[in-house]
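**Student:** So the sequence lines, in the order shown, correspond to chains A and B.
With the first letter of the first sequence counted as 1, position 328 gets the number 328 in the numbering used here; the numbers rise by one all the way through.
With the first letter of the second sequence counted as 1, position 430 gets the number 1430 in the numbering used here; the numbers rise by one all the way through.
To be clear, the hints were calculated from the coordinates, so they are not data collected in a lab.
Accuracy of the hints is not assured; some may be wrong.
Examples of chain A residues toward chain B, derived with CB under 10 Å [to be verified]:
{"hint": "1", "residue": "V176"}
{"hint": "2", "residue": "G177"}
{"hint": "3", "residue": "M184"}
{"hint": "4", "residue": "I254"}
{"hint": "5", "residue": "N260"}
{"hint": "6", "residue": "R291"}
{"hint": "7", "residue": "A292"}
{"hint": "8", "residue": "N361"}
Note that CB positions come from ideal geometry on N, CA and C, so glycine has one too.
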Amino acid sequence: MKTRYRWTALMVPALLLWSSTAQARIKLVALPEREAISIRLDNPAATLIEEERVLTLQAGVNSVDFSWNGVSIDIDSIRLTPLDHPGEVTLLNVSYPPNEAALVWELSSTAAREERVRISYLLRDIDRLITYTLTANKEETELAMNSYLVLRNFSGEDFTDAAIMLDYGDTFRQSVGNEGTRQMLFFTKDGLALKKVWEFDASALPWDPEQLDENVGIPVRYEIANTAANKLGADALWAGKVRVFQEDGHGGTIFLGEDNIPVVPVGDEMKVYIGDSRDIVVTQRKMKEERANIRRNKKGEVVLYDTDEVIRAELENFKDTPAALTVIQHIRGQWDMDECNMPYTRKDAGTLEFEITLPPNGKKELVMQYHRRNIR
Amino acid sequence: MKTLRIIFLLSLLAPGLVRAKVDLVTLPKRDKVQLTIYNSADLTLVRDNRSLTMRNGINRLEFSWANTLIDPTSLEIMPKAQSDRLTVESLDYPPRTKNLGIWSIRSDVGDEVPMEITYLTSGLSWRAFYMGTLSPDEQKMRLQGYVRVNNNSGEDYENAQVRLIVGKVNIIDQIAELASRSYPYGRPQPPYRFEGRAAGGLYKAKNAFIAMDMEFAEAAPMMAPAPKEIAKEGLSEYFLYTIEGTETIPDKWSKRLPSFEADDIPVVNLYKYEEERYGNQVIHFLSYKNDKEHNLGDTPIPGGMLKVFRALTDKAQEDTPALSYAGESSFMYIPVGQDIELNLGAVENITVEAKLMDYKTDDYLFNHKGNITGWNETLTYQVEVKNTRGIPVKVEIKRNFDARRWEIDNQGDCGTYEKVDADTVKYTLEMPAASTRVFSYTIDIPRGQRED
Chain A
1 MKTRYRWTAL MVPALLLWSS TAQARIKLVA LPEREAISIR LDNPAATLIE
51 EERVLTLQAG VNSVDFSWNG VSIDIDSIRL TPLDHPGEVT LLNVSYPPNE
101 AALVWELSST AAREERVRIS YLLRDIDRLI TYTLTANKEE TELAMNSYLV
151 LRNFSGEDFT DAAIMLDYGD TFRQSVGNEG TRQMLFFTKD GLALKKVWEF
201 DASALPWDPE QLDENVGIPV RYEIANTAAN KLGADALWAG KVRVFQEDGH
251 GGTIFLGEDN IPVVPVGDEM KVYIGDSRDI VVTQRKMKEE RANIRRNKKG
301 EVVLYDTDEV IRAELENFKD TPAALTVIQH IRGQWDMDEC NMPYTRKDAG
351 TLEFEITLPP NGKKELVMQY HRRNIR
Chain B
1001 MKTLRIIFLL SLLAPGLVRA KVDLVTLPKR DKVQLTIYNS ADLTLVRDNR
1051 SLTMRNGINR LEFSWANTLI DPTSLEIMPK AQSDRLTVES LDYPPRTKNL
1101 GIWSIRSDVG DEVPMEITYL TSGLSWRAFY MGTLSPDEQK MRLQGYVRVN
1151 NNSGEDYENA QVRLIVGKVN IIDQIAELAS RSYPYGRPQP PYRFEGRAAG
1201 GLYKAKNAFI AMDMEFAEAA PMMAPAPKEI AKEGLSEYFL YTIEGTETIP
1251 DKWSKRLPSF EADDIPVVNL YKYEEERYGN QVIHFLSYKN DKEHNLGDTP
1301 IPGGMLKVFR ALTDKAQEDT PALSYAGESS FMYIPVGQDI ELNLGAVENI
1351 TVEAKLMDYK TDDYLFNHKG NITGWNETLT YQVEVKNTRG IPVKVEIKRN
1401 FDARRWEIDN QGDCGTYEKV DADTVKYTLE MPAASTRVFS YTIDIPRGQR
1451 ED
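Next up, chain B with everything else stripped away, as it sits in the complex:
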């Protein structure tokens, strides 16, 4: 479906309500098109290059976009050459005509001029997703990143340069809403009032296009002799991925492209226990860092879903080992240098049990009526940690106290102890394969007037 239409009109009439007879001069073809697709909002910047044959005087260029999701308020045209001899005088959205804009361009040139039309459209989207393959001992992981681009914009984009933006842009109006208005800028709304910042602050991207799932077969990107490279660079607070060469993405299609691959990433199997957050279960996290030491760190990693597999045999033994599926986890955007923790869900092969072993109160305070107004509470907990796996693991245990003041006394091998905040402590234990560790802590908490 081809719905964008540019008609180049010759009009030697003065700019006016000239909507009557005009001469069709050319229907210029698109020379080059570039798509910059955002993932935090339903938004794509399209840069459309065409050569127009200008004449001296006022040139009128009609641009129509029926059945697309283009935001008409974002339309701009810019000469890419001889810009000092061309002036874009106005962009007219004629009355009672939808999806049509007419540029008036004053030209001192009677020649072919490359022009660039830019606009924002809704309907194109992309997302990142990942596949991780753990070594049999789960100490290393191979990480493969992919991006999937969906086109539901109503427009076929042939041989387009595709660029993807990672980052959170501030959006006031949704492009899809702007595209569906009867009048590009709406109607005057008396009484006039300044429309403030959008309520609620940030626009949250709507996954309107996720439902469509007409993925190209794996063969599509593989038809090229080698997988395409993706150039990555930071711009402002965002990251720009530019896919090598051009892509053709017809309307209603989507396309999967490999984005990066890193091998032998050292990973830590981290198991977390925090009753207030996870209940009485141990959660398995896979942790590594987006830096050079982990064979990563060139760019931030866009958030997405990671499916984790485990190779059943070593690479040295077999090139294509059988796999077992370990689980999946979605993660957030990871800046360069930041730790990554992937929540792979609850496990039963690592256990943590925190038992209250002793409870007592003393040091009472009484008021003049003889009632108790203050006392001390002493609780002793025993924590037993079991690693039943055949590999070493790291276990992180957090304990929260409902008290403003407390004193703690740790007994036994409790690993690394850390006070996290006013009412939370953390124990980090390195557990060898198939091992058990027991430690205790006693906490003194003043209650009532003893708190003071």
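Excised from the complex, chain A in its bound form:
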């Protein structure tokens, strides 16, 4: 029967190494220290830990016992990679002792040697968040982006001098204890072009603000292109919480608002909803809704008719600067536009998008006359 020696440190994955001959004569070879450790956070779903240790191997078959306590490792994710002599040090098999958080590797080595190996595994309860701080200039034409990596370690393990990395940005050599959180600035860029957009969506906002007891704000967002032309575009920007500030012209900033953003692929825009404008007011009314072209069946019941509809939207800008307002209108069903005083693009069967520039302290009126076909 094979005897195994094992050393398990509380809360720390531990390695024990011995060589075994065919006669099951087992000899403790070394208790290798962890030489380097990295925490790789590029997959938001799981954190990959990689550590390097030097094993002192004997010629023949060696057993390495890897066990852990107080941490949660995905056992099927554990990999062992010989680094110095990959062709001569071979992993023969992996076995799992019953009812233990442990495994045993059998390694064959062509000679007695010191071999550096990398052990990789997915560790639970350690992850990262990405946060952004955007600071726009006073004119709101460009901004500086700071992106922070926040490492949350609740894995049960203390990490000392670990290399912490994402897929882009800086790599950090830091320590973080169990239940500790560490925030690091990993990416920073300034002079990024910024587009400010106001958007009125007729299906989401009230039509007649006068009838309400609170201000109806028109949502305002910043759009930042993740493109090479905009000094970005090398990588997708991670999802995370964005806080936006603006220079106040007095050496300080004000806080403009915050939003959660999804991943921004290369070529896309980071869209940050910062807050609502109360200096743009949209009042929309249905001025007409009448039936026409009615067809009846033999019983005199209506089977087909058109509705003639007129929508009038008054768009007011109370700011002393022009504003680029996007107006989104929705028309259900089968429809034809009879008359519209502004150009639009059809985003889908029932969605119309207008790009309207409002003059400073001025207003415009959007009038759409259309008929809808109704079948009963």
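Take the given structure of chain A and dock chain B to it, following the hints.
**Tutor:** For chain B alone, coordinates are given in the frame of chain A:
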């Protein structure tokens, strides 16, 4: 109560789990503090300036905030000088320690460096309120605006520059909730999923601090030789009010400050009648415009409560006339150039009566069974408007019809007629003092198949 604490630690050790012995170097005092307080959310941006004596190498700065409402995820430190020689390497929230953050700052400078710490806190709030004084003939109004700043943040702010933001910021997490977390960023939540935008969209400010009402006596702001000026400027979609000089606002105190004053604002006494909205009563509105012609228009006016008084005698006769209280109304944010309508409530001295005088149907359509499938409806209403007041007033009457198609014929002096939308019309009448006006309208409405 002073609960913010900054300890400047010297550590020549490599950044690591160094939480053991450290040398306390200085406990730097706050040089300057600026508060930017929001009113649409329970949120204040604090900018705290201190001079720190840096040493070459890694400097560790411990910042603790027990008993405050600071959002630890918002903490930032920035050198205000020699920034190219200082690098903020990380901010560590050590395990099992609440309300503590440690910055590691690498410095090539061995000198005193001004640093700025910024963070968001909950617990400070402000609101605007107003007092209006109408002239005896109610044609003009003097408007005085005030702001009241409440400090319930747990921290005393001495000699702080106070700035107030008017505007609606988008907020994902409430600062008070972030401040009360056991761990600044929470714990990992397996399985990972991206947390989308906050449900329901906008965060609505909670008036958590309204209950506290330890207002300074009027004497407080008056102790200064002259009332403080408030500088106003627009930034992005918001408006920034900066109060002159500095203010000391201890925890649990609040402070009232005058924000602006405008005199001789021409106002219109507008009376509205709309059965579907107000029932059978006339509502008194005071209306004016936020523009130069009304001695306003420099800045938007933040929403708030306006208490309206009426002077019983003219200013020319008496400097401090006796007042009568006309009513109060809260109003919303008013952009520059927009009309203001203040709802002062129902009145009885202006009356509107709309009576149905005639009703008839004709032009019937019958189906093959002999049943009626369509007809025309004709209704005649008479509207009588009475102004029993001794001043001229403006009366606005809205009528709504439950019909898609209709034709109207107005008779008599109905003032200015306007079709508001597909089923609403409006009559606006200028009524001299103590006058009565009667007009009629007839409306034809096709019903049933006649609609088609």
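**Student:** Take the hints in turn and mark each one as holding or not.
**Tutor:** For each hint, the structure was consulted:
1. V176: Holds. Min distance 7 Å.
2. G177: holds, 4 Å
3. M184: holds, 5 Å
4. I254: holds, 6 Å
5. N260: holds, 6 Å
6. R291: holds, 5 Å
7. A292: holds, 8 Å
8. N361: Since the shortest Cβ distance to chain B is 6 Å, the answer is holds.
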